[in-house]
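**Student:** Chain residues, written in single-letter form:
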Amino acid sequence: ELKVEQNPLFLSMQEGKNYTIYCNYSTTSDRLYWYRQDPGKSLESLFVLLSNGAVKQEGRLMASLDTKARLSTLHITAAVHDLSATYFCAVDANYGGSQGNLIFGKGTKLSVKP
Amino acid sequence: NAGVTQTPKFRILKIGQSMTLQCTQDMNHNYMYWYRQDPGMGLKLIYYSVGAGITDKGEVPNGYNVSRSTTEDFPLRLELAAPSQTSVYFCASRRTVSSGANVLTFGAGSRLTVL
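In the order they appear, the protein sequences are chains B and E. Each residue of the first sequence is one higher than the one before, counting from 1 in my numbering. Each residue of the second sequence is one higher than the one before, counting from 1 in my numbering.
Some hints could be false.
[Said to hold, decoys possible] Straight-line distance between alpha carbons at most 16 Å, and here's what the computed EDC-like set of lysine to aspartate or glutamate pairs gives:
no.	chain 1	residue 1	chain 2	residue 2
1	E	K44	B	D92
2	E	K57	B	E1
3	E	K44	B	E5
4	B	K109	B	E5
5	B	K106	E	E59
6	E	K44	E	D56
7	E	K14	E	E79
8	B	K41	E	D38
9	B	K109	E	D38
10	B	K109	B	D30
11	B	K3	E	E59
12	E	K44	B	E1
13	B	K41	B	D82
14	E	K44	E	D26
15	B	K106	E	D38
16	B	K68	B	D30
17	B	K3	B	D30
Don't read these hints as lab results, they were simulated from the structure. It should be emphasised that the depicted structure is a prediction, and the values quoted were computed from it without experimental measurement.
Put together the whole structure using the sequences plus the hints.
**Tutor:** Following this line, the structure appears as C-alpha cells:
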C-alpha cells in the first residue's frame, strides 16, 4: 500500500525566513505533485514533478524530486504572509489497474507571521 | 468555463438520512474522483470513475455509492448517514497532459455535518 508522509505537519515561520517541507513516499513512483489549499478553499495545483532530479520554481517556492530516495522537498525562501496555507504532496497510485489516482499526504499547515 | 461544480456547499443531515452530493464538470474529462478531507488527515479517495458507465472503489468506499451516466456528472450518494461521514467532500476531474502528468481540477468542496 502506498503511503505518503509529510513533515512537519504544522509550521510557524517568521516573514523573511527560509524553510523546507519534506514529502516521503513508500513505493516506486516518478510522479509527484504539490497542491496548495487556502483556509476554507479548494486545492490548487502548484507543481508537477515527473522525473528524478526534477526541480520546479515559482516565486518563493521551489520543489524538487529524488525518486531514488522517494523524497520530494518544497523549499520556501524569504517567507511572506501570503504563503500561509496548507500544502499537500501527492503521488500517483495504482488502484484496480487504473493509474493516475493520487494518494495525498496529510498536509503541512504553514503560518507565516510578521 | 466553470470547471468542476459541486452542490451543495453546506449541508446538515440527521443520522440515518440519505443525500446526494452533485458534481459536474464541463471540461470533457474522462476521469473523475470523490475525496473526503478530515482535519489533519489529508484527502482520502472514496470512489473514482474512468468514464461514463465505469466506476470503482477507492480507499474508503463504505457508506457511499456513485454513478456515472454521463461524462459530465458524477454524483456521490450517502445512504444512512452516520456521524463518521462528517467531512468536507471534494470532487475532481483529471486531465493528462503531454508530459504524462495527471493534473486534477478540484471543485470548491461540500461541507457535510451529520448530527
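**Student:** All hints, please: hold or fail.
**Tutor:** Cross-check of the supplied hints:
1. Pair hint K44(E) plus D92(B) holds up; C-alpha atoms about 13 Å apart against a cutoff of 16 Å.
2. Distance restraint check for K57(E) and E1(B): the Cα-Cα separation of roughly 15 Å lies within the 16 Å cut-off, and the hinted pair is therefore satisfied.
3. This hinted pair checks out: K44(E) and E5(B) have alpha carbons roughly 14 Å apart, not beyond 16 Å.
4. For a cut-off of 16 Å, the pair hint linking K109(B) to E5(B) stands: about 14 Å separates their Cα positions.
5. Straight-line distance between C-alpha atoms of K106(B) and E59(E) comes to about 15 Å, which keeps the hinted pair within the 16 Å bound.
6. Taking the CA atoms of K44(E) and D56(E), the gap is about 14 Å. The hint holds against a cut of 16 Å.
7. This hinted pair checks out: K14(E) and E79(E) have alpha carbons roughly 12 Å apart, not beyond 16 Å.
8. Only pairs whose Cα atoms come within 16 Å are accepted, and K41(B) paired with D38(E) is accepted, the gap being roughly 14 Å.
9. With a CA separation close to 14 Å, the supplied pair K109(B) and D38(E) stays within the 16 Å bound.
10. Restraint check for K109(B) and D30(B): not satisfied, since their Cα atoms lie roughly 25 Å apart, outside the 16 Å limit.
11. Taking the CA atoms of K3(B) and E59(E), the gap is near 12 Å; set against the 16 Å cutoff, the hint holds.
12. In summary, the hint linking K44(E) to E1(B) is supported, as the alpha carbons are separated by about 13 Å, within the 16 Å threshold.
13. This hinted pair checks out: K41(B) and D82(B) have alpha carbons roughly 15 Å apart, not beyond 16 Å.
14. For the hint linking K44(E) to D26(E), the alpha-carbon distance of about 24 Å lies beyond 16 Å, and the restraint is violated.
15. At roughly 9 Å between alpha-carbon atoms, K106(B) and D38(E) fall within 16 Å of each other, so this suggested pair holds.
16. Between K68(B) and D30(B) the CA atoms are separated by roughly 9 Å; this keeps the pair inside 16 Å, and the hint holds.
17. Restraint check for K3(B) and D30(B): the C-alpha separation of about 14 Å stays at or below 16 Å, so the hint holds.
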